[in-house]
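S.K.: Assemble the whole structure, with the sequences as input and the hints as a guide.
UniProt numbering puts the first residue of the sequence shown at 1, with every later residue one more than the last.
Hints in this document: simulated from the structure, not taken from any laboratory. Predicted, not measured: the structure shown is a model, and the values here were computed from it. Be careful, since some hints might not be right.
[Claimed, not checked] FRET-style restraints, in silico, Cβ to Cβ:
#1 S25 / Q90: 35 to 41 Å
#2 K151 / S25: 53 to 59 Å
#3 K148 / Q42: 25 to 31 Å
#4 V23 / A47: 33 to 39 Å
#5 E113 / A47: 34 to 40 Å
[To be verified] Listed next, the in silico DSS-like pairs over lysine-lysine satisfying Cα-Cα at most 25 Å (straight line):
#6 K40 / K13
#7 K155 / K131
#8 K151 / K131
#9 K150 / K80
#10 K155 / K80
#11 K131 / K150
#12 K148 / K80
By construction, the Cβ of each residue, glycine as well, lies at the ideal position given by its N, Cα and C atoms.
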Amino acid sequence: MKKIVYLEPYFPKGQFILGIFVVLSLICFSSLYLIDLGTKTQDMRLANAQLRAQELAGFTEVDAVEIFNGQNSYTTVFAKDRALILNTQQEQVALVDLSQGASRQEAEALAAEAAGGAPIQASRLGYDQDKVVWEVRSGTNYYLIDFKDKKLIRKE
1 MKKIVYLEPY FPKGQFILGI FVVLSLICFS SLYLIDLGTK TQDMRLANAQ LRAQELAGFT
61 EVDAVEIFNG QNSYTTVFAK DRALILNTQQ EQVALVDLSQ GASRQEAEAL AAEAAGGAPI
121 QASRLGYDQD KVVWEVRSGT NYYLIDFKDK KLIRKE
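M.R.: See below:
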């Protein structure tokens, strides 16, 4: 009678570990590439907005650039005492004299009052329903403050 010999199955541990390392490296570097690509797109949008502000409104010095995402997306370019709001096609929507309406601090105070004293995370100047508005974020709520009338339009 013949004796049956069972062989231990061969499992290439080194090859398995190398394969896992390659797959994880591929996932990691792909993620980093996508993040970098998204950042470059955003930087390009902000740089183009600065150039358009110099062309359209004659801004010689730009203080800040913000992106407002409401019903549509707008880019706001701030100069010393004016702000230019551009749409996604880099066309002028509004040229705002900042002294003729609510300041950022006034808008944040109105929103904080409406929020019951909750802390304010951010505020942006933008354009919504044919009006220049401040969008103030407090927690998970957004408050739209009319720039000209200095009143709360709505809470989102």
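S.K.: Each hint needs a verdict: does it hold in this structure or not?
M.R.: Against the structure, the hints:
Here the CB-CB span from S25 to Q90 is close to 39 Å, well matched to the stated 35 to 41 Å. The beta-carbon spacing between K151 and S25, approximately 55 Å, falls within the hinted interval of 53 to 59 Å. For K148 and Q42, the hinted distance range of 25 to 31 Å is satisfied, since their beta carbons lie about 30 Å from each other. For V23 and A47, the Cβ-Cβ distance of about 37 Å falls inside the hinted range of 33 to 39 Å, so the restraint holds.
One distance hint, 34 to 40 Å for the beta-carbon pair E113 and A47, holds here, with the actual separation near 37 Å. Note on K40 and K13: the hinted pairing is violated, with a Cα-Cα distance of about 41 Å set against a maximum of 25 Å. A threshold of 25 Å between alpha carbons decides the hint, and for K155 with K131 the separation of about 16 Å falls inside it, so the pair holds. Proposed proximity of K151 and K131 is supported: the alpha carbons are some 12 Å apart, at most 25 Å.
Between K150 and K80 the CA atoms are separated by roughly 21 Å; this keeps the pair inside 25 Å, and the hint holds. For the hint pairing K155 with K80, the CA-to-CA distance comes to about 29 Å; that exceeds 25 Å, so the pair is violated. With a C-alpha separation of about 12 Å, the suggested pairing of K131 with K150 holds against the 25 Å cut-off. Of the supplied pair hints, the one linking K148 and K80 holds, its CA atoms being roughly 19 Å apart against a limit of 25 Å.
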